[in-house]
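J.: Can you build the whole structure from these sequences, using the hints too?
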Amino acid sequence: MMPDIHQEGQAQTSQWQPEQKAPVILLENVSKTYGKIHALSGVTLALSGGVTGILGLNGAGKSTLFKILMGKLKPSSGQVRLFGTNPWKNPAPYSRVGFVPEGEKMHDWMTAHDFISTFARLNGLTRADAKAEADRVLDFVGLLDVAHKQIGRFSKGMRQRTKIAHALVSDPELIILDEPLQGCDPLARTTIMNVIRELGRMGRTVIVSSHILTEIERITEQIVILHHGRLLALGNLHAIREKMDNIPHRIDIGCDSPKDLAKSVIDIDSVHGISFQNPQKLTVQTRNLGDFHSHLPRTIIDGGHKVDSIDNPDDDLSSILGYLTGGGV
Amino acid sequence: MADSTNTIFRALDRKASAITEFTMRQYRTKISTWVVLITGLVIISLLMLFYVDAMQRDFESVDNDGDSADSDGDLYPDGQERLYGTNPFSELSNPGFFDPPIPPDDPSVWIDEDDFDWNESPTGTRTVSVGYDDDGDCRTDARTSSQKDTNDNGVECDIELSLTLTGEFRYEADSFVDEDPDDEAYAKEALHRASILGIGKLGFVFIISIFIPLFMATGLIRDEMTSGTMHYMLTKPIARTEVFFYRVIGYLGIVWPYLIILTIISALVTGFAGPGDSLFRFSEFGIWLAILFAAMLATLVYGMLFCFLGVMWRYGIILAIPFAAWELGMALLSMGVPESPILRFSVIGWALIIVDSASLIVWPDMSLLIYSGFSVEGSNVDGFEREELIGSEPLQYFFANPGLGDISPFVSMIIATIVLLIQAIALLFIGGAIFKGKEIE
Numbered sequence: 001m002m003p004d005i006h007q008e009g010q011a012q013t014s015q016w017q018p019e020q021k022a023p024v025i026l027l028e029n030v031s032k033t034y035g036k037i038h039a040l041s042g043v044t045l046a047l048s049g050g051v052t053g054i055l056g057l058n059g060a061g062k063s064t065l066f067k068i069l070m071g072k073l074k075p076s077s078g079q080v081r082l083f084g085t086n087p088w089k090n091p092a093p094y095s096r097v098g099f100v101p102e103g104e105k106m107h108d109w110m111t112a113h114d115f116i117s118t119f120a121r122l123n124g125l126t127r128a129d130a131k132a133e134a135d136r137v138l139d140f141v142g143l144l145d146v147a148h149k150q151i152g153r154f155s156k157g158m159r160q161r162t163k164i165a166h167a168l169v170s171d172p173e174l175i176i177l178d179e180p181l182q183g184c185d186p187l188a189r190t191t192i193m194n195v196i197r198e199l200g201r202m203g204r205t206v207i208v209s210s211h212i213l214t215e216i217e218r219i220t221e222q223i224v225i226l227h228h229g230r231l232l233a234l235g236n237l238h239a240i241r242e243k244m245d246n247i248p249h250r251i252d253i254g255c256d257s258p259k260d261l262a263k264s265v266i267d268i269d270s271v272h273g274i275s276f277q278n279p280q281k282l283t284v285q286t287r288n289l290g291d292f293h294s295h296l297p298r299t300i301i302d303g304g305h306k307v308d309s310i311d312n313p314d315d316d317l318s319s320i321l322g323y324l325t326g327g328g329v
Numbered sequence: 330m331a332d333s334t335n336t337i338f339r340a341l342d343r344k345a346s347a348i349t350e351f352t353m354r355q356y357r358t359k360i361s362t363w364v365v366l367i368t369g370l371v372i373i374s375l376l377m378l379f380y381v382d383a384m385q386r387d388f389e390s391v392d393n394d395g396d397s398a399d400s401d402g403d404l405y406p407d408g409q410e411r412l413y414g415t416n417p418f419s420e421l422s423n424p425g426f427f428d429p430p431i432p433p434d435d436p437s438v439w440i441d442e443d444d445f446d447w448n449e450s451p452t453g454t455r456t457v458s459v460g461y462d463d464d465g466d467c468r469t470d471a472r473t474s475s476q477k478d479t480n481d482n483g484v485e486c487d488i489e490l491s492l493t494l495t496g497e498f499r500y501e502a503d504s505f506v507d508e509d510p511d512d513e514a515y516a517k518e519a520l521h522r523a524s525i526l527g528i529g530k531l532g533f534v535f536i537i538s539i540f541i542p543l544f545m546a547t548g549l550i551r552d553e554m555t556s557g558t559m560h561y562m563l564t565k566p567i568a569r570t571e572v573f574f575y576r577v578i579g580y581l582g583i584v585w586p587y588l589i590i591l592t593i594i595s596a597l598v599t600g601f602a603g604p605g606d607s608l609f610r611f612s613e614f615g616i617w618l619a620i621l622f623a624a625m626l627a628t629l630v631y632g633m634l635f636c637f638l639g640v641m642w643r644y645g646i647i648l649a650i651p652f653a654a655w656e657l658g659m660a661l662l663s664m665g666v667p668e669s670p671i672l673r674f675s676v677i678g679w680a681l682i683i684v685d686s687a688s689l690i691v692w693p694d695m696s697l698l699i700y701s702g703f704s705v706e707g708s709n710v711d712g713f714e715r716e717e718l719i720g721s722e723p724l725q726y727f728f729a730n731p732g733l734g735d736i737s738p739f740v741s742m743i744i745a746t747i748v749l750l751i752q753a754i755a756l757l758f759i760g761g762a763i764f765k766g767k768e769i770e
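Sequence order for the protein chains is A and B.
Sequential numbering from 1 applies to the first sequence in this note's numbering.
Sequential numbering from 330 applies to the second sequence in this note's numbering.
Hints are computed from structural coordinates only; laboratory data are not their basis.
Please note: incorrect hints may appear among the correct ones.
Stated by the list, open to error - In the SDA-like style, the derived pairs of lysine to any residue whose C-alpha atoms are separated by at most 20 Å in a straight line are: (1) 281(A) <-> 250(A); (2) 74(A) <-> 768(B); (3) 89(A) <-> 767(B); (4) 156(A) <-> 307(A); (5) 74(A) <-> 105(A); (6) 105(A) <-> 769(B); (7) 149(A) <-> 769(B); (8) 74(A) <-> 548(B); (9) 156(A) <-> 310(A); (10) 105(A) <-> 357(B); (11) 765(B) <-> 76(A); (12) 359(B) <-> 109(A); (13) 306(A) <-> 260(A); (14) 767(B) <-> 34(A); (15) 767(B) <-> 78(A); (16) 765(B) <-> 90(A); (17) 105(A) <-> 548(B); (18) 767(B) <-> 39(A).
What you are looking at is a predicted structure, and each value in this text was computed from that prediction instead of being measured.
T.: Shown next as structure tokens:
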């Protein structure tokens, strides 16, 4: 391949004609195996438009699926089409895709603005355009005020938002986010969820993965459930959730004094059980996660509590998976 | 014209300069980069210290022809007696009996009294007559014509230099011509050239050019594949071969200026410390330029190769190390047997051709200098058979003919450059293709 002399963004421009009719994502019977391990087996899926959540436990094959879509991995068998084009060994469709990888590693020595504008030039933008574009996307994710700080000094949520901003350069039609909420504090989660919802409202095709049902629930109802590399369910979460309401949900809150926090938390109506796992962790049980999450921040602030982490363990997804697989998880 | 330049510049100011700039900035933030570059500087500085030390040394003046001795004990050195045609072995025959009597010379007058006076080299089948009998002990009237022309070439008191059909250098001198050269001048000149060639070939073109890519280029793409940050670059609409190419350009953006600085420092040191009457020796500019050029091409080819090995295998450095050992063997081989065909299967063999060709262009009297150091006949002051002049051995070791056969050094240099560029391009395509087919976790 000759270097792209015009540097206009689309490598192999002459060979690549976008197929407008094709679904944004099309997978036909896609499998990926590593020796005897089946990371994905026989996944068939077509997606166009809207926000779709990919749910699955760790190791269910979500990241493998994304990497196959992004041409990072070659499927062992089956057909993959991104805008009607096979993404393996073909970077052409990526001018229309933004990808937020799962990995924590970033170029910590760069400022967010540097990071985004440098890589924006790979989309074929000139230096000046890339800078303007970096400002735009950083504004979109709400990081404009810290744009010129080093990524290494960012909190987890800010790092995730930087990665999202990086993916939004050139306003792609498809945005793939691999576990964007992992490890973020509640405020960052809300911000990121708002960003994702906003992208959905703008008519972009958004695919977001998570292993936490409640997170996905707050973003979209259109879900795909992966389990052990197989596509287990596809469709509206609402229908499934209705049947799941009587299953209690668990929330782990890491804090300095769980007992003090428990006193405040018990006042939230949706809480129906509290237990202490260790001196630094409070476990709350609720039947209404949405309600609980909407009250929790206020409670923490009013009580002046110091909270290190808020985790929704896999329990609820496990229960759905249990429900879907008939107890055979 | 200005418009199109502007357009091309603006066009390249996207992907290519973005990745190149990014790569250079990334290197700057890594401590390992600085450690490697400073280590290289220390190595070259140490070699330069040896060089400066050699240039500061006083070399003992050796009476190469032994004529400062007074064989018959009449206080007249043998050389002086020979000049005046008296018998050096009879104390009753010396210039003191002349009218008017000639006082005896101090023996030191007859040390280093007949230096090389050469300004031509034999080329092809042409034979040249060089040399001048500075001390007059050949030209003296006391000697007959046939005594003055012992090499029988029809010229009195000269040295006949020729090349045999097999390319061997031949040196045939009339007796007492250029027979007691200035040892210090010779040693300094020879060691100066040997040092430039040695430091240039082994220091720059081998050590610096192979170890810097070994540490800096092996991880150029591999490190980011392992850490996962490569995703940020590869999710953009850019072909991986381009990424490979621009990353290597970014690596060169650090390494080439570094080589330029290192070469300038070295050239300044050898220019100021080198032998000669002038304050600064400009004559070695060409050889340093060739060393720099060879090192730049070598770092390009090695960089591509090691980057590719890193992409191919997580532990690519393990493959790079035996390769580096092979290249060391080839570097040493090229100094001994420059025409060996095995050298054509190496990078360094070709890179050193550039340096060797340049040394022939810059120093056309090179073979002359080496062989004259081995050819001076006679015995030293203590009566021992004189060995070669100091400096001739290292110079012979580090100098090699370009080894591409009987072609002009300019052509050799051009061929070597083209071969190295082809190697780089081939590695770019192989590396790009491997990278393209690589699954990235």
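J.: Provide an ascending list of the numbers of those earlier hints which the structure does not satisfy.
T.: Violated hints (numbers, rising): 5, 7, 8; every other hint is consistent with the structure.
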